[in-house]
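Engineer: Dock chains Z and V against chain U, hints included.
Heads up: the sequence lines are chains U, Z and V, in that order.
For the first sequence, my numbering gives the first residue as 2, with consecutive numbering after it.
For the second sequence, my numbering gives the first residue as -3, with consecutive numbering after it.
For the third sequence, my numbering gives the first residue as 246, with consecutive numbering after it.
Treat the hints with care, as some may be off.
[Claimed, not checked] Here are the computed distance ranges between Cβ atoms for each label pair:
{"no.": "1", "chain 1": "V", "residue 1": "R525", "chain 2": "Z", "residue 2": "E431", "range": "50 to 56 Å"}
{"no.": "2", "chain 1": "U", "residue 1": "A157", "chain 2": "V", "residue 2": "R257", "range": "42 to 48 Å"}
{"no.": "3", "chain 1": "V", "residue 1": "R257", "chain 2": "Z", "residue 2": "N4", "range": "51 to 57 Å"}
What the hints contain is simulated information worked out from the structure, not anything from laboratory work.
Glycine included, each C-beta is placed from N, C-alpha and C at the ideal position.
Chain by chain, the residues run as shown.
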Amino acid sequence: MTKFSSDEVTGWLNQMQDQLQSLAVADDPFFMIGIRTGGVDVGRHLHTALGLQEPLGELNISFYRDDFSTVGLHPVVGPSQVPVSVEGRHIVLVDDVLSTGRTVRAAMNEIFDFGRPSRITLAVLVQRAGHELPIRADIIGHSVDIPDNEQVSLHAQSMTVSVGHKVK
Amino acid sequence: MTHLRIDNARVIDPANKLDEQRTLFISDGVFVDQFDRDQCDDDAQVIDARGLIACPGFIDMYARLREPGFTRKGTIASESTAALKAGFTTVFCAPDTHPVIDSSATVELIKQKAVAANGARVSPIAAFTAGLEGKLLSELATLYNAGCLIAGHADHPVTDTGVLLSTMEYASSFNIPLMIRPLDPAIASGGCAHDGAIATRLGLPGIPVAAETVALARLIELCTSTGCHLHISRLSSARAIELLRSAKKKGLPITADVGIHHLYFTDEQIKHYDANYHSAVPFRSVDDRAALRDALRDGTLDAICSDHAPHDNDAKLAPFPSSATGLSAFDAFAPLLFGLPDLLDMPLIDVIGKVTCEPAAIVAPKEVVPNNDKLAAIQTGLLDARSYSLAVGSQADLVLIDPQAHANLSTENMLSLGKNSPLAGVTSLTEITGEDVALRGQVIHSIIAGSLRV
Amino acid sequence: MRRSDPQFNQFRKLHHFLSIDGLDKATLTHILDTAEGFTSVNDKSIKNVPLLRGKTVANLFFENSTRTRTAFELAAKRLSADILNIDLVSSSTKKGESLLDTLRVLESLQSDMFVVRHSDSGAADFIARHVAPTINVVNGGDGQHAHPTQAMLDMFTIRRHKGAFENLTVVIIGDIKHSRVARSGIAALVALGAKEIRVVGPQTLMPADVESLGVKFYRDIDKALIDADVVMGLRLQNERMTSATIPSTGEFFKTYGITPERMRLAKPDAIVMHPGPTNRGVEIEASVADGEQSVILQQVTYGIAVRMAVMSIIMGHGEEVREAEMNQA
Chain U
2 MTKFSSDEVT GWLNQMQDQL QSLAVADDPF FMIGIRTGGV DVGRHLHTAL GLQEPLGELN
62 ISFYRDDFST VGLHPVVGPS QVPVSVEGRH IVLVDDVLST GRTVRAAMNE IFDFGRPSRI
122 TLAVLVQRAG HELPIRADII GHSVDIPDNE QVSLHAQSMT VSVGHKVK
Chain Z
-3 MTHLRIDNAR VIDPANKLDE QRTLFISDGV FVDQFDRDQC DDDAQVIDAR GLIACPGFID
57 MYARLREPGF TRKGTIASES TAALKAGFTT VFCAPDTHPV IDSSATVELI KQKAVAANGA
117 RVSPIAAFTA GLEGKLLSEL ATLYNAGCLI AGHADHPVTD TGVLLSTMEY ASSFNIPLMI
177 RPLDPAIASG GCAHDGAIAT RLGLPGIPVA AETVALARLI ELCTSTGCHL HISRLSSARA
237 IELLRSAKKK GLPITADVGI HHLYFTDEQI KHYDANYHSA VPFRSVDDRA ALRDALRDGT
297 LDAICSDHAP HDNDAKLAPF PSSATGLSAF DAFAPLLFGL PDLLDMPLID VIGKVTCEPA
357 AIVAPKEVVP NNDKLAAIQT GLLDARSYSL AVGSQADLVL IDPQAHANLS TENMLSLGKN
417 SPLAGVTSLT EITGEDVALR GQVIHSIIAG SLRV
Chain V
246 MRRSDPQFNQ FRKLHHFLSI DGLDKATLTH ILDTAEGFTS VNDKSIKNVP LLRGKTVANL
306 FFENSTRTRT AFELAAKRLS ADILNIDLVS SSTKKGESLL DTLRVLESLQ SDMFVVRHSD
366 SGAADFIARH VAPTINVVNG GDGQHAHPTQ AMLDMFTIRR HKGAFENLTV VIIGDIKHSR
426 VARSGIAALV ALGAKEIRVV GPQTLMPADV ESLGVKFYRD IDKALIDADV VMGLRLQNER
486 MTSATIPSTG EFFKTYGITP ERMRLAKPDA IVMHPGPTNR GVEIEASVAD GEQSVILQQV
546 TYGIAVRMAV MSIIMGHGEE VREAEMNQA
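With the rest of the complex left out, here is chain U (with noise of 0.2 Å):
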């Protein structure tokens, strides 16, 4: 099990803040959002970081999943909120990590269903191998090459990061 420390994982959120910053315009200042509920944790960093002036959205994709049928309903963890309309916006959709992609493919239907974005920046704090969906990150805090049986976990609280066998 490898652990990364507050410093390391703060070292990746400033590194994203960076390239964050570099992206944004003037006139057409992008809109954030987490999903739940590493990438709200990760967002609010971010958010208060840039002194974003709206308020961090935040997307429960539970009903947006494609494994509804075989695993059926995951663990609740509230709804959706979206403060701000998306229409014609320029998101940046946040997450804690990025393995498979059918996560961020969940999160980005949803944000169509609230309304058509200009265009979608996907940011996440860690980036592992194991895609399954042709979906890349464009911001990346930090990359990992570990095998299928590992995960990658975020603990908000201590703003640590961990690597281990996947608990079943």
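Structural biologist: For chains Z and V alone, coordinates are given in the frame of chain U:
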């Protein structure tokens, strides 16, 4: 001359308070004390009844044979054969056939079919109003002479008290007993289960106890003023037992019976809407069941009947309120009866009395009806209830029962056409009521008028 | 042989939604929490989620009810399911086709879920026991027995507006005897640990041994309303007047109507609820039904999210059953 000898049986004869090992001799359809030396053992058929109980064949005060009219549910042939398995050598069949048993023609039809079936004796219950409509009297004396030892009204309450009064007066002129199930239809209105906490939780319309007791109180008063022999059919509640007890104490000519299932089941059984427990006489509370059991022990209840109600499968495959009422009782009757001595702490001889000499006493003719046809009726295969026992001279209707044999009831081995018994596939009642009653007791032989039917 | 509760499948997952009876606090809370997740569906321009896309929900209404049927229809549509509305009130069942035969025909229409309303208590249970194992059944109301989705939306409303159940005194007024809404509501309040549940009405409108349900019976509405947190009215049906159960709507309103004067006996922040449609001037005075304490309209809105939650929860396990079936085949 046909001879039958039964060796090594434990002979239980409630009418004569007998319970001992002895040999039974039967010649030409009656019990004899020994065979005539010249015609003895060469001709005699011998049954070794080691380990078996020999007792008079059971008399069922109330069973539905469904024929004529409802042969999808049962026929006289199928049900009178199944009745033998229950230990019944005589079955009183319900008058709500189609046509109703209100004419001697229908009585004859039933008698003929019964003889052809070669199963238990079938004793038709006459409907005491024409068509069971509750308005006009049936020809009670004619029906009695045709062979109906008792008249009744099935599950159809007579609402016109005037009709009830005059029926009872008329019947008492001929000493014909009337069998009536106490039911006030307005109070019962639409109900399908005992009106208690369980029906409340299940949202099932209830049948209050008052539906039985109000009707019973009325019947008791009518009996008081007419002196008619009233047989109360299939009681269900503690309060009704109280009314019955005080009526009997006053010396009124009232007898009563209870359906065998009502000694076992309560409204707990319907908790999961199991239509197999949907009964016209509802299974009531634990306290009601306790009162029925006490009443059996102390003699307030004279007899146990089967209340047999066979149905085609479809009739029970519906939501509870719409499902047909009644349980198929014959196939489970013997083990249920034999579970009673331990369950009720009652001697076996008394339990057997409730299905032998007691029902016989209820239907035995009290005075000779002024007509010679009655004797002819007895000869054509009907019950001779005058002295129902194993004593010398009595009609040789008896059963040999193995009290230890397990029932192992299944829908495949049930003899009745009606497979609607909640006991199919059940080995012990612990699974159903929580009471530890192993279902044991099987009829091995059934003998009617000295001839072996099973 | 003892029958078991058909609501749970062999994997101990909730497979049908038939009655509140048999469901524990954790299950009920899970349904309420899931419903919270669905309340934001309306905020999107596409007012649905793809959860049940490709699934078919059939409304089998053997009893008329436009309101409930429409509510289920809307919930199913918000889940992207296809709807079949089968009119059974006038059709084959009247011709004498048995319920079982009707079910067989409907199964061949390849629905994934049946929402059932029937006038027999126990009908939903019967249907659940006799459908193919992959079909989920939701009880939309069976006779006088249960209306579990109504109970859940009532509980959702109470939790939203009044918080924890442990502190609440809930008063239910009217025809408890004939009300499936009351029975399910009481069962839910008991399971969720409500502090006190009171029922009020004339004896003729109370079922036998009503307190065995876990309530306290009051004959006098003025006594019952003291310090109430939630006041629930029930619909009074016309049959009650013709069956010698109560004399008139006028007398009912005088003795048990929810009026502003009576509401002053309850807590000042008490809420007023009613499953609808309300009979103004019979069960409730118009000013109370339309007043500030009334959450009657919100109940209807919450009903959509609650029904979406129920349908999603029970439908999410079809694969396990299908696999089990294939392994047995």
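Engineer: Report the numbers of all earlier hints that the structure fails to satisfy, in ascending order.
Structural biologist: 2
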